[in-house]
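Just so you know, the sequences run in chain order E and U.
Numbering follows our numbering, with no gaps: position 263 of the first sequence is 309.
Numbering follows our numbering, with no gaps: position 197 of the second sequence is 243.
Think of the hints as simulated: they come from the structure by calculation, not from any bench.
Please note that the accuracy of each hint is not assured.
Since the list can't tell identical chains apart, any single copy or any two copies may satisfy a pair.
Simulated pairs of lysine to aspartate or glutamate, DMTMM-like, Cα-Cα distance not exceeding 20 Å [stated by the list, open to error]:
no., residue 1, residue 2
1, Lys49, Asp352
2, Lys119, Asp447
3, Lys469, Glu376
4, Lys237, Glu270
5, Lys184, Asp353
6, Lys184, Glu376
7, Lys184, Asp352
8, Lys161, Asp255
9, Lys469, Glu190
10, Lys119, Asp396
11, Lys119, Glu172
12, Lys104, Glu281
13, Lys259, Glu54
14, Lys49, Asp260
15, Lys119, Asp352
16, Lys278, Asp147
17, Lys119, Asp353
18, Lys324, Asp266
19, Lys469, Glu188
20, Lys469, Asp197
There are 2 protein chains.
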Amino acid sequence: MVKLIQKEYSQFEETLYIAKLSSGLQLILLPKKGFRETVAMMSVGFGAMDTDFSYKGKLYHYPSGIAHFLEHKLFEAAQGEDVALQFSQLGADSNAYTSFDRTSYFFSTTGHVEKSLQLLQSFIVERHFTEQSIEREKGIIEQEIAMYQDDADDRLYQLLLAQLFPATPMAQDIAGSSDSIAAISYKDLQKNHDLFYTADNRKLVVVGDFSPKDLAKVIDDTEEMLTIPSTKKIEKIPIAYNPVIAKATVYQDIVSPKVAVGYRGLPLGENQDPLRTKLVLQLLLDMLLGWTSQSYQGFYGTGLIDDRFDIEVECYGNFLFVVITADTYEPIALATKLQQSINQIKDLPDVTEEHFQQVVYECYGAFLSEMDSPYDMAMQLTRFSHYLQIPDMLKNISLEDVLREGLSFFETADRAEIVMLPK
Amino acid sequence: MVKLIQKEYSQFEETLYIAKLSSGLQLILLPKKGFRETVAMMSVGFGAMDTDFSYKGKLYHYPSGIAHFLEHKLFEAAQGEDVALQFSQLGADSNAYTSFDRTSYFFSTTGHVEKSLQLLQSFIVERHFTEQSIEREKGIIEQEIAMYQDDADDRLYQLLLAQLFPATPMAQDIAGSSDSIAAISYKDLQKNHDLFYTADNRKLVVVGDFSPKDLAKVIDDTEEMLTIPSTKKIEKIPIAYNPVIAKATVYQDIVSPKVAVGYRGLPLGENQDPLRTKLVLQLLLDMLLGWTSQSYQGFYGTGLIDDRFDIEVECYGNFLFVVITADTYEPIALATKLQQSINQIKDLPDVTEEHFQQVVYECYGAFLSEMDSPYDMAMQLTRFSHYLQIPDMLKNISLEDVLREGLSFFETADRAEIVMLPK
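Based on the provided sequences and hints, a complete structural model is requested.
The following block contains the structure:
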C-alpha cells in the first residue's frame, strides 16, 4: 500500500497527492477530472551543471554536455531500437530535455497510461547503448550544438550566460561543445548513470484524469520489479562566482541588432524559497518593464523595441539571474534606458499600488491558464513540488516586499551586457 | 433571444452550440466544464490569397500582404494606443495571425471574459489608423519579413510554395514583400476593410467554462451596438494552376543541408470535404513515412534524417498540397527515396491493416489531446465547424479508401523539390 499525502487547494478546487515510494521514488499525482490527456514526467537530479562533484572523498570532473548525452543514449532500446517508437506503439508521444539541474523524460497520451508509465519507469534504468552507438551519437549531438549556434537568440542567451558565470558549467551550452562531446567515453556514461540515476534521485509527476490510489499502486508495482542503482552520497561543487565579463559584442547573420542584459544575484540562503524569489522578481520586473508599464509603452511606441522584448527570471537554490533581451536598432540606448529604470525603481510612475495589483492579477491569470495544461503542470511540479501554493504566495507578497527584496537583488547583482550586430 | 443549435458528440461527451446571429456573425461555442482558461477567436474571411477579386463587375488587384497589414493596423486604438494593452488591462492575452484564407484575432483569459469579448468584437470594426501610422508600420512589417527570410525553415517552405503555385498570391510571403508593402496606401486598407470586414464574413469561436445561453446573449448584445459594414458580394478569382517549377537550389547560412518536396493536387470538387481529404492524406503519409513506418526507421537508423523530419498536409476548398521537409546530409538521395516510397505505395510492407489501425489510433489520440487545449480547439473550429466529427470520420475511413484516394492524389499531383545548401 502506498501512503499518499493529500494536499487540498480548495481555493481553486485541486488536490495534490504526494508519496515517497519504498523504492525511493518521489511521486506527485495531480488528478484532472474530465481531461483526456495524461502527461507523466520522470525527472532525474542530474543536469548540465553536474560535471564537478566529489564522491567517497574523490573529486570527479566530467566533460560538459554529459547529462544531455546520457539523455540521448537512454532512448536506445535493445537491438538499437528507439524507445520513442515503443511509446509511439502505445499511442504515446515521448520526449526529454536536459536543464541546468535535471534531466526530464516525459510522455503524453490519451490511451494506455499504465503501460506507458511502466515504459517510462524502466527505460531510464536499463542501458542498451554500446561503444559503437556512443561514437555514432557524437555526430548527431555535434549537429544539434551547431544548430543552436545558428539560432541567433539561442546564441545570444548562451553567450550572456558565459559572461555572467565565466569558467563554470553554466558558461557551456547544455549540450556541451564539439570538444567536450568528443571526450565523453562509454565508461563515463555508465559511471554517471550509476552515480545519478539512483533510487532516490528521481521524481515522477503525473497529471491527468485517474484515480490517485490505483495509479500509485501501478507505479509502485513497477518500481518493485526494477533493479535501480542504490542511492549515492554525492557532494556537488558550488558554482564559482568569478568576476562577470561586463560587455561583449558579436556578429551574426541577422537583420536587426539584438541586445541582452543579465543580472547575476547572490545565491539564495538555505531558508529562501526559489519559487517565492522568482515571483517577487517577476512582479517587480513586470511592473517596471512589462507589457503594461509606461516604460514598455514608451519604448514600443517610439519603435525602440518590438514585441520580441522578453524578461526571464531564473531562480535555483544555488544561483539566480535575470535576463532581458530585445531586438532593437538602438541596442546601446536601450541597455542604458533599462539600467536607468532599474536605478530609479522607487521613483518610477509605474510603481503604484494599483499597477502592482494589476501585475499580481496577470500573474494569477497565467497560473490558472497553466493549470489547464497537463504538460505545463507536470513541468512546473517537476521543479517545484509546492507550485500550487503560488496563489497563496501572491496573496502574501506586498508591494513593499517586492520593492525591498527587488532593490536588494539589483543592488548586489553583477551586470553583464551583450550586443549582437548584423555581419 | 439567440437560437442556438446544439450538436451532441456523446462518444466523447462534448456539446457544440452553433448560431447565426441577426447581425450576420457565425457563432460557435464549446463549453469545457472545469477549465479555467477561456479562448475566443474572431476570424474574418480575408487572407493572404485575397488580393484579386471582382466586386460589382469591377476587377480589383491589391498588393500582396494587405490582409496581414490590416491585421497589424486594427490593433491601433484611439490616440495610437495598442489594443493588446487594453486586453492586457482586462487580464487577457491577445494576438492575431493571417493565413491563406482568413485573419484571426484572439484572446485568452481566466478573468473578465465578457468585457474581453466586447473588445474583441468591437476593435476589428473600429478603425483608428492614420496616413502617418500606416507609413510607420511599413518599417515594422519589412523587418518582420526580413526575419522570416533569416529563418532557414521559413524561407525553404516559402520558396517551395512559390515553386508549386508560381505567379499566384501563394507564391508570396503572407506578409508580402518590401515592394508590395510600400505600395499599400491608407485608402487601400480602408477599402479592403469595408469590403471584407463585413456582417456575415465573420466567425466567432469561444471555448471555455461558461453557460452557452448567457454568453450568446452577451455576444449578441454587443453585436447590436456595433455598426458593421454591410455584406458585400465578392467573387474571388480562382488560383491559377501554372506549371510548377520542378527543381531549385538555394544557399543559406546553415549547418546541415535541407530538402523540401511538395505535391500540388487538383482542387477539390464542391462535394469533397477538405477536412476528410486532409485526414485521408495524413493517414496515408503517416503509414508510409511517419514515425512508426519502416521507411522512417530505416532513414533515421542510418542517419539519413533526424527528428526534424516533417510531413504537412494542407487542404482548402480551392487548393491542396503536401510538403515533406528534412534536414539531411544527402538531400538528393532522400528526395529520391521519398519518391520511391510514393511510387510503390501499394507494395510497401508498411501498408498493412494492422499498421493502418495504429496510425488511426494515433490520429484519434492527437485529436483527444487537442480537445484539452482551448486554443487548439478555437483554431480548428475557426477553420472547420465540423472539426468534432473527426472521430466519426476516422471510423468510416478504411484502408481501401486511403489507398484509393491517396493514389489518385499522387497520380494527378505536380511535384516540386528544393534543396538548401550551406553557403
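Each hint, compared with the structure:
no.: 1; hint: Lys49 with Asp352; result: neither (52 Å within a copy, 43 Å between copies)
no.: 2; hint: Lys119 with Asp447; result: neither (46 Å within a copy, 40 Å between copies)
no.: 3; hint: Lys469 with Glu376; result: within (16 Å within a copy, 29 Å between copies)
no.: 4; hint: Lys237 with Glu270; result: neither (23 Å within a copy, 71 Å between copies)
no.: 5; hint: Lys184 with Asp353; result: between (37 Å within a copy, 16 Å between copies)
no.: 6; hint: Lys184 with Glu376; result: between (40 Å within a copy, 19 Å between copies)
no.: 7; hint: Lys184 with Asp352; result: between (38 Å within a copy, 14 Å between copies)
no.: 8; hint: Lys161 with Asp255; result: within (16 Å within a copy, 32 Å between copies)
no.: 9; hint: Lys469 with Glu190; result: between (23 Å within a copy, 18 Å between copies)
no.: 10; hint: Lys119 with Asp396; result: neither (50 Å within a copy, 27 Å between copies)
no.: 11; hint: Lys119 with Glu172; result: within (11 Å within a copy, 56 Å between copies)
no.: 12; hint: Lys104 with Glu281; result: within (10 Å within a copy, 79 Å between copies)
no.: 13; hint: Lys259 with Glu54; result: within (16 Å within a copy, 33 Å between copies)
no.: 14; hint: Lys49 with Asp260; result: within (12 Å within a copy, 45 Å between copies)
no.: 15; hint: Lys119 with Asp352; result: between (40 Å within a copy, 15 Å between copies)
no.: 16; hint: Lys278 with Asp147; result: within (17 Å within a copy, 59 Å between copies)
no.: 17; hint: Lys119 with Asp353; result: between (38 Å within a copy, 15 Å between copies)
no.: 18; hint: Lys324 with Asp266; result: neither (34 Å within a copy, 42 Å between copies)
no.: 19; hint: Lys469 with Glu188; result: between (24 Å within a copy, 19 Å between copies)
no.: 20; hint: Lys469 with Asp197; result: both (14 Å within a copy, 16 Å between copies)
In the structure shown, a violation is registered for the earlier hints numbered 1, 2, 4, 10, 18, in ascending order.
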